[in-house]
Amino acid sequence: MAPFMDARLDEQTLKQERKYLRYYALARLRDAELAEDAVQETLIAAVQNFGSYAGRSSLRTWLVAILRNKIADQLRARARANEVQIETLDGETADEALDALFARNGHWGENARPQRWGDPRAALEDRQFWEVMELCMQRLPGRIAEAFYLREVMGESIESICNGLEITATNCSVMLFRARAQLRICLEAKWFAGTGRG
Amino acid sequence: MVRRDGARLSKTHTGEMMDDCRKITGMISEGLDRELTWSERMRIRVHLLMCSGCSAFEKQMIFLREAMRTLAERIGGHGDH
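Taken in order, these protein sequences are the chains called P and D. The numbering used here numbers the first residue of the first sequence as -6 and each following residue consecutively. The numbering used here numbers the first residue of the second sequence as 57 and each following residue consecutively.
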C-alpha cells in the first residue's frame, strides 16, 4: 500500500493546505487576488480529481503540482491580455540586477553596502515585521520568488528546484543570490534602517 | 583563471586578481545551498576580517534563513533544511 494512500481531503486538511498554497501562489503571482483565485481553483480541482490521486507523492506535492498549472494558466492569461510582460528572463537578468549593487571592481557600490542590523531576531516577534517581509517577498520577480520560496520555505534541494524550474544549477544559484540580496535591501530599507547604527 | 587549488578568482576591470565583495557574497549565498569547500570557507573568512559590509551581509543571511524557517513553521511548510 502506498504510504500516502490514507490521505484525506477533509475540511481540516483543506484549511491547512490552503494557507500553505496561498503563500506559494503569492510568491509566484505577486497579487493577492489572483493568488486567491489560483488556490481556490486548485482546491476545487483537487476535490474533483481526488480519485486520480494515486498516493505516490505526498498530498502537498500533488496539490502544488495542480497549483503550478493554475498559476501557469494565470500567467498565460495575463500575457494574452497584453499587460506588462511579467515573464521576463529572470534567470538571465539576475546577473544584471546584481550589477546594480556592486561597483565595476566588484566592491560594494555607493549606498549598497550592508549596514549593521543590531539584534534582528527581536523582529521575528513583531507582527508588523512579517507584513514588511511579505511585501518584500512580493517585490521579487516571479521566477526568482518561486526559487527562493521552494528553497527557503519548502526546504527543497537545489537539484530539485533546478529540475522543477528547468534551469541550470548555476542559474539557480544566481537567482537565489539575487533573491537574498534583494530581500536584504528591502528589509534594511523598510525595517532595519537606523536601528543598528549605534 | 584557475589557481593551483582549483579555486577560480574573479578578474576585476583593472585586471588584478582578488576576491571581491560580489564574489564573496555570492559564495556566502551558495553556502546556504551546498557545503562549501575548505578553500572557499577560508577565502570568505579572510575577506570578512577586512570587510564590514560583507560581514554584515553574512550575519543577515543567517538571520534570513532563520526568519524563513520561522515563516515555514507559521504557515505549516516543511522548512527542514
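The hints are simulated quantities; they were obtained by calculation from the structure and are not laboratory data. Among the hints, a few may not be true.
Stated by the list, open to error - The following residues of chain D were derived to be distant from chain P, with all beta-carbon distances above 12 Å: (1) Met83; (2) Thr93; (3) Ser95; (4) Arg97; (5) Cys107; (6) Leu120; (7) Arg121; (8) Leu127; (9) Ile131.
What the hints assert, rightly or not - Which bits of chain P does chain D cover? Going by a derived footprint, with three or more residues having C-beta under 8 Å, they are: (10) 25 to 33; (11) 39 to 49; (12) 55 to 66; (13) 89 to 103; (14) 170 to 179.
Glycine included, each C-beta is placed from N, C-alpha and C at the ideal position.
Each hint, compared with the structure:
{"no.": "1", "hint": "Met83", "verdict": "violated (9 Å)"}
{"no.": "2", "hint": "Thr93", "verdict": "holds (15 Å)"}
{"no.": "3", "hint": "Ser95", "verdict": "holds (18 Å)"}
{"no.": "4", "hint": "Arg97", "verdict": "holds (17 Å)"}
{"no.": "5", "hint": "Cys107", "verdict": "violated (8 Å)"}
{"no.": "6", "hint": "Leu120", "verdict": "violated (6 Å)"}
{"no.": "7", "hint": "Arg121", "verdict": "violated (7 Å)"}
{"no.": "8", "hint": "Leu127", "verdict": "violated (6 Å)"}
{"no.": "9", "hint": "Ile131", "verdict": "violated (5 Å)"}
{"no.": "10", "hint": "25 to 33", "verdict": "violated (count 0)"}
{"no.": "11", "hint": "39 to 49", "verdict": "violated (count 0)"}
{"no.": "12", "hint": "55 to 66", "verdict": "violated (count 0)"}
{"no.": "13", "hint": "89 to 103", "verdict": "holds (count 8)"}
{"no.": "14", "hint": "170 to 179", "verdict": "holds (count 5)"}
Checked against the numbered hints above, the structure breaks hints 1, 5, 6, 7, 8, 9, 10, 11 and 12 and satisfies the rest.
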